[in-house]
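Peer 1: So the sequence lines, in the order shown, correspond to chains A and E. To convert, take the position in the first sequence, counting from 1, and add 1; that gives the working numbering. To convert, take the position in the second sequence, counting from 1, and add 2; that gives the working numbering.
In short, the hints are calculated from the structure, not lab data. Be a bit skeptical, because a hint or two may be false.
Stated by the list, open to error - DSS-like mimics (lysine-lysine), calculated; alpha carbons at most 27 Å apart, straight line:
| no. | chain 1 | residue 1 | chain 2 | residue 2 |
| --- | --- | --- | --- | --- |
| 1 | E | K56 | A | K421 |
| 2 | E | K187 | E | K136 |
| 3 | A | K373 | A | K256 |
| 4 | A | K450 | E | K56 |
Said to hold, decoys possible - The calculated label-pair distances, taken between Cβ atoms and stated as ranges, are:
| no. | chain 1 | residue 1 | chain 2 | residue 2 | range |
| --- | --- | --- | --- | --- | --- |
| 5 | E | K66 | A | K421 | 51 to 59 Å |
| 6 | E | R124 | A | P409 | 35 to 43 Å |
| 7 | E | K56 | A | F384 | 54 to 62 Å |
| 8 | A | A67 | E | E113 | 31 to 39 Å |
| 9 | A | T418 | E | S148 | 18 to 26 Å |
| 10 | E | G149 | A | K450 | 45 to 53 Å |
Stated by the list, open to error - What the simulated footprint calls covered on chain E by chain A, stretch by stretch (three residues with Cβ under 8 Å from a Cβ of chain A suffice, anywhere in the stretch; the number is not a length):
| no. | stretch |
| --- | --- |
| 11 | 13 to 25 |
| 12 | 52 to 64 |
| 13 | 127 to 137 |
Since this is a predicted model, take the numbers as computed values, not measurements. For every residue, glycine included, the Cβ atom is placed at its ideal position computed from N, Cα and C.
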Amino acid sequence: MSVEVDNIIKQEYKLGFETDIQIDQAPLGLNRDIITFISEKKSEPQWMLEWRLKAYEKWLKMDEPAWAHVHYPPINYQNISYFSAPKKNIASLDEVDPQILDTYRRLGIPIEEQKILAGVAVDAVFDSVSVKTTFSETLLELGIIFCSISEAIKDYPELVQKYLASVVPMGDNYFACLNSAVFTDGTFAYIPKNVTCPMELSTYFRINALNSGQFERTLIIADEGSYVSYNEGCSAPIRDENQLHAAVVELITLKDAEIKYSTIQNWYPGDSEGKGGIYNFVTKRGKCLGEHSKISWTQVETGAAITWKYPSCILLGDNSRGEFYSVAITSLAQQADTGSKMIHLGKNTSSTIISKGISAMKGSNAYRGLVKIRPQAANARNFTQCDSLLIGSDCAAHTYPYIDVKNPSAQVEHEATTSKISDEQLFYAQARGISEEQAISLIVNGFCKDVLNQLPMEFAVEAKALLSLTLEGSVG
Amino acid sequence: MLKIKNLDVQIADKDVIHGLDLDVKAGEVHVVMGLNGTGKSTLLKAIAGSYETKSKGIMEYFDKDLLSLSANERATEGIFMSFQNPIEIPGVNTIYFLRTALNEQRISRGEKSLSSVDFMKRVQEKMNFLEIDKSILQRSLNVGFSGGEKKKSEILQMMILEPRLILLDEIDSGLDIDALKSVAKGINSLRGKQTSFIIITHYNRLLEYVPPDFVHILDHGKIVKSGNASLAKELEEKGYEDVLSST
């Protein structure tokens, strides 16, 4: 096979640039003072500070999980700065540091006027503080709240207090607990009863300041009969040190409501030796609280050095439905341990898991899934399909499905396949005039089709481009 | 059109073809026959530029050194190979694959890509001609295709890509008589002064529909006997052993 294309994948990370702006940074380390500093910086109410401190005390007693199929040197949690923010206080877009705006433009974030025409409302998280929230006013007319979590804590404390940690309890796991103590910003959305959100809500996350871990907190509530589609996209500048990212996302659907949550994750993956890159330890979970409600996770994961992530659904309401569609690519020396949990509690609940793992170069990809049917969940159904695609001979794929059924009326199906892009497939396509790279892209897109079809149109186009970019030259 | 001189081909470090000569002029139909494992498929793969093959010697195509070109560059130059076992690509529609292939070739040649409408017109026309069920267009490439559908799909691709040198590897095996006729019809429709064929087959029956100009017998990686259409008939009647021992 041709070797020249091998170089293409090694070319510089395409979104890797660093913005030089003044930052307001907390000193390294974590203790009660730092948490108080964060809370003060954000002018939070007392209850929030107390909540954070409680989480911190819990976290101190917890151990970092070691069960995932990933390997990394120990993280020194005292060598991380837990808060950084662009220095100026911002009232309007005109006051935003032009460099930040430039960064956004290079990332293609639709914050400017012409982008409004595209119908996308953006809550852009630059490091830890939301710089600008667009469209909030338009959305507010419909009663939709779309703002940073910091604003929500101040402006909508009842909603935040009611739902924060109602899906992911404070002490759920080591990283979620750390997040609870130190989260700096994130997105909040509330869709009122019987409102269909007229546009895709989007957030771009971008890690920037040196050594600053990033701890987003996202909370989305869809009230009875409402619908919202939320798009999350990520990228980060090139960097040598590993950066810890431990986000928490909580989704809540009430009766007849639906949340569609789509992610494209393209953080710096590190180099081909595994140096640098983001550690992405994320807790994403949704709770179908009301009957006939639905939560759907779709993710395309191409970046990060390590991914530890299991978007899950707790199906509490009768007839509720959970979905998980995932494409995870590990190339270079990337490691991913990702999958989903579907917890069936209500009657006639159903869930679908479609997972497509692609490993190339020295990448390692593990699917880990749990389907749990509790005794009260009569007539629950799950369908799981878990496919792995290997490119080359130095990569690996693992599958860890856990199925725990406590109700005899349950129907649980699990299908799994492992395949390899063969020289024969590539030669066949090439013998028709298709270049090797295009052939890989074609085969991979075919493999991921069921998942890509779930993404909102424009997001799908982006995802396809990203897949091709990530796998360029991965056959050598 | 194609000049092969003193060609050696290795597959997985094994010598499969050694010292092979073959001269194909524009408009000629060459048939290569031989026992299993004598290097017939390897010869076609070497001409088409498979990763598997390591070739040494002279292989010229319209004065171009083929051995220096990648498989897709060779395809763009007008070389088409149909596979003995067409490869499956799950999730990729036949029609999408075909359109990508055609337009990649056109763009590489500096031509404009074909519009959807013009492309569909061309596909419709060829499908009607070959009497292929339209459902294969929307199905994943070769996935769940019957043996006949796979071979007809190869012929469809050949007709749409309009190559100049066509390599057919056992295009007739596993076909019922109707499918065989339809495949032969496709082949004959491209026969002409500009197009040449190298066809591998075990049976004379395809050659009744596609009369060859030359028949070669390959043995141990070498062409050991060449003749005209009557050689294929003789082979069918007497078998390889007799025919080869009589030389």
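Peer 1: Each hint should be assessed against the structure and marked as holding or not.
Peer 2: Right, here's what the structure says about each hint:
1. With a C-alpha separation of about 23 Å, the suggested pairing of E:K56 with A:K421 holds against the 27 Å cut-off.
2. For the proposed pair E:K187 and E:K136, the alpha carbon gap of about 18 Å is at most 27 Å, so the pair holds.
3. For a cut-off of 27 Å, the pair hint linking A:K373 to A:K256 stands: about 22 Å separates their Cα positions.
4. Taken as a hint, the A:K450 and E:K56 pair is broken in the structure, with Cα atoms around 35 Å apart against an allowance of 27 Å.
5. In this structure the hint that E:K66 and A:K421 lie 51 to 59 Å apart at CB is violated, the actual value being about 33 Å.
6. Distance hint check: the CB atoms of E:R124 and A:P409 are about 57 Å apart, inconsistent with the given range 35 to 43 Å.
7. For the hinted restraint 54 to 62 Å between E:K56 and A:F384, the CB-CB distance of approximately 46 Å leaves it violated.
8. Between A:A67 and E:E113, the C-beta spacing of about 58 Å breaks the proposed range 31 to 39 Å.
9. Remark: the range hint 18 to 26 Å for A:T418 to E:S148 is upheld by a beta-carbon distance near 22 Å.
10. Checking the proposed 45 to 53 Å range against E:G149 and A:K450 shows it is violated: the Cβ atoms sit about 26 Å from each other.
11. Check result for the stretch 13 to 25 of chain E against chain A: violated, 0 residues qualifying (beta carbon to beta carbon below 8 Å, three or more required).
12. Look at the stretch 52 to 64 of chain E against chain A: 3 of its residues bring a Cβ nearer than 8 Å to a Cβ of that chain, three or more, so the hint holds.
13. Under a criterion of three residues with beta carbons nearer than 8 Å to beta carbons of chain A, the stated coverage of the stretch 127 to 137 of chain E fails, only 0 such residues being counted.
Of the numbered hints given earlier, the model fails hints 4, 5, 6, 7, 8, 10, 11 and 13; all others are met.
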